[in-house]
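Residue numbers (my numbering), protein chains in the order written: chain A, 757 to 1020; chain B, 3 to 354.
I should point out that these hints are in silico values taken from the structure, not numbers from a laboratory.
Warning: the hint list may mix true and false statements.
Listed below are the simulated BS3-like cross-link pairs for lysine-lysine, each with C-alpha atoms no more than 25 Å apart in a straight line [what the hints assert, rightly or not]:
#1 B/K158 with A/K1013
#2 A/K1013 with B/K43
#3 B/K16 with A/K1013
#4 A/K1013 with B/K84
#5 B/K9 with B/K126
#6 B/K206 with B/K158
#7 A/K1013 with B/K33
So, partial list: chain A residues that the calculated Cβ filter (under 7 Å) puts toward chain B [said to hold, decoys possible]:
#8 A847
#9 Q849
#10 Y854
#11 Y856
#12 R934
These numbers come from a predicted model, not from an experiment.
Just so you know, even glycine gets a beta-carbon here, dropped at the ideal spot from N, CA and C.
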Amino acid sequence: MRSAYIDFIRMRFLTMLAYRVNYYSGIVIYAINIGAYYFLWSAIYGDQDTLAGFSLAQMTTYIAVSWMARAFYFNNLDREIANEIRDGSVAIQFIRPYNYLLVKMMQGFGEGLFRLLLFMVPGLVIVCLLFPVSLPEDPQIWAIYLVMLFLSFLINSQINILTGLFAFYVENNEGMMRMKRTMVDLFSGVAVPIAFFPGWLEGIMQWLPFQAITYLPSSVFTGRTPQSEVLGLVLLQAVWIIILIVPIILIWRSARKRLFVQGG
Amino acid sequence: MLAIDVKDLRKQFKVQKNREGLSGALQDLFKRQYTEVAAVKDISFQIPQGEICGYIGENGAGKSTTIKMLTGILVPTSGHIKVNGYVPHKEREKFVNGIGVVFGQRSQLWWDIGVIESFQLLRKVYRVSEHDFRKRLDNLVERLDLGDLLNRPVRKLSLGQRMRCELVASLLHNPSILFLDEPTIGLDIVVKTAIRDFLKEMNKEHGTTILLTTHDLQDIEALCSRVIMLDDGKIIYDGGLDELKSKWSKGREVQFQFAHQTPLSKLKQLTDPLEVIWTLENEVTARMWLPYEVNVSDALARVVGGVEIRDIKIIETNTDEIVREIYQSSATGSSAGIASASVAATKEKTQP
């Protein structure tokens, strides 16, 4: 059975490979995004050396790394789940001896792995050539970062699954999915590092899971977080993963009773 | 042992009511109104192991809802279900290992990958050993003639090819009960026949219990020893196919071709005391409808004695017509409806 779950990762990887042309254009779009943010921030910095504790070099690295991380943890599980609920094909998933949500998670991971290898790695090389990005030299930081990146993937996927499952309760959760997407991009710190938020908002962010998706791992990677605090951040991510499991299980259980197979 | 045991099974759905107009829409925004609709109304039936049972009814009669409860997809509102010794929705993961399901209108294969990749994935999902998998797959591929399809992606298969693959997919783990929800919908007669023959053989060899819903009554005639008929969420018939025919078909028809022009009045006069109904098709052809109470030879003798006849054809109503009668009669809800529907139906059918 375990090998079946691993097979779902492999299968999604192969499927993505079959449609790989889509992703070549993605590399270009990400490079343009990173470039735009780089020039924007250069203009904002002007003559100043640091803003909110970020030097321009750190900011450039933060942007490049955050966008590349987004390529890995980003997936459309919310949309996939919502579509399967809406067109009724979720019914098929109940006649299989596996856990649907776990299968979805595996598929998301297969997609993430594909993007990591064929998108993030070449993308980062290109970005390093174009912009003054400084990557850490300590292999330990790289190792910790990869662990945190994996945890980011889990948190983001959980939020996606939760959003997708709302399709059981509302006929169209398109709006909710869009809102979620904007919230994740904004509050996770991809667009603007959370250190730049006004004090009260930064305070609220500390109690939400979004910062654990991008801001915390990227802070560790750019060396803004002291070594002594790193372990605490990893634990914080782990705590969020555990907290988010609870509503997913509750919604999934109650959804089974509400399940209404569209189209008979 | 019983394969399926259902008692007082009921499923209700909450359906949203949309109020009319702008003010209605605004009201809906704040407070939704729901109506309860019962799709399946307290039905009970039992199916022993090894039986092929047909489950028929009009669209919206509750067939698919029943199948979905039996397979553990839907949770019933009330009542008891035992399938293969399990309560489907409670012990889902254990239970589904012993059943196979094919939905004619939904694919359960993975759209983007090759057929054989789908099968391999299912092998792992159901934890089938490589040895058993090979043996079963080879057998199924040979019987359903799938040889060269295995490496194609599912999205490139025709409906008939896909359906045969779906069947294989549902049988790889050797289930003891097979649920088929309109398995032959949209298929040509060759594929239909192939699937029917295959199901029949499988039932004979492995004793697989099969419950199938269909709109194609030839499926039922070819496969089923028993029929359960559903109407508006209730069982209106449960028994053998032959009994269904004799219970519901009210009579038969005889078509005559006469040598000369024969007026209706003369024919009526010939069969006078008998309760038969004549209809004239053209100048030399007429049909006589006889209820079962009337002896065919009796009626024939009277006609043969009176006019010169070129040809005689006895038409027995087939299952299609009988079922149509039942649907129509349950719609009008009167027994008079049945008799007239019967005449109308037979007429329509044999016109060309």
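Interface restraint verdict for A/R934 against chain B (beta-carbon cut-off 7 Å): 19 Å, violated
Hint consistency between B/K9 and B/K126 [alpha-carbon to alpha-carbon, up to 25 Å]: 35 Å, violated
Cut-off 7 Å, beta-carbon criterion: hint that A/A847 touches chain B: It holds, given that the least Cβ distance between A/A847 and chain B is near 5 Å, below 7 Å.
Pair hint A/K1013 and B/K84, alpha-carbon separation not exceeding 25 Å: 18 Å, holds
Holds or violated: B/K16 to A/K1013, with C-alpha atoms at most 25 Å apart: 12 Å, holds
Hint check: 7 Å Cβ-Cβ cutoff, A/Y856 to chain B: 11 Å, violated
Hint consistency between B/K158 and A/K1013 [alpha-carbon to alpha-carbon, up to 25 Å]: Not satisfied, since the Cα-Cα distance of roughly 36 Å exceeds 25 Å.
Agreement of hint A/Y854 with chain B interface, Cβ distance less than 7 Å: 6 Å, holds
Given pair status - B/K33, A/K1013, alpha carbons within 25 Å: 22 Å, holds
Interface hint status, A/Q849 versus chain B (Cβ within 7 Å): 9 Å, violated
Proposed proximity, B/K43 with A/K1013 (alpha carbon, max 25 Å): 18 Å, holds
25 Å limit on alpha-carbon distance, applied to hinted pair B/K206 and B/K158: Measuring from Cα to Cα gives roughly 33 Å; hence the hint is violated.
Hints 1, 5, 6, 9, 11, 12 from the earlier list are contradicted by this structure; the remaining hints agree with it.
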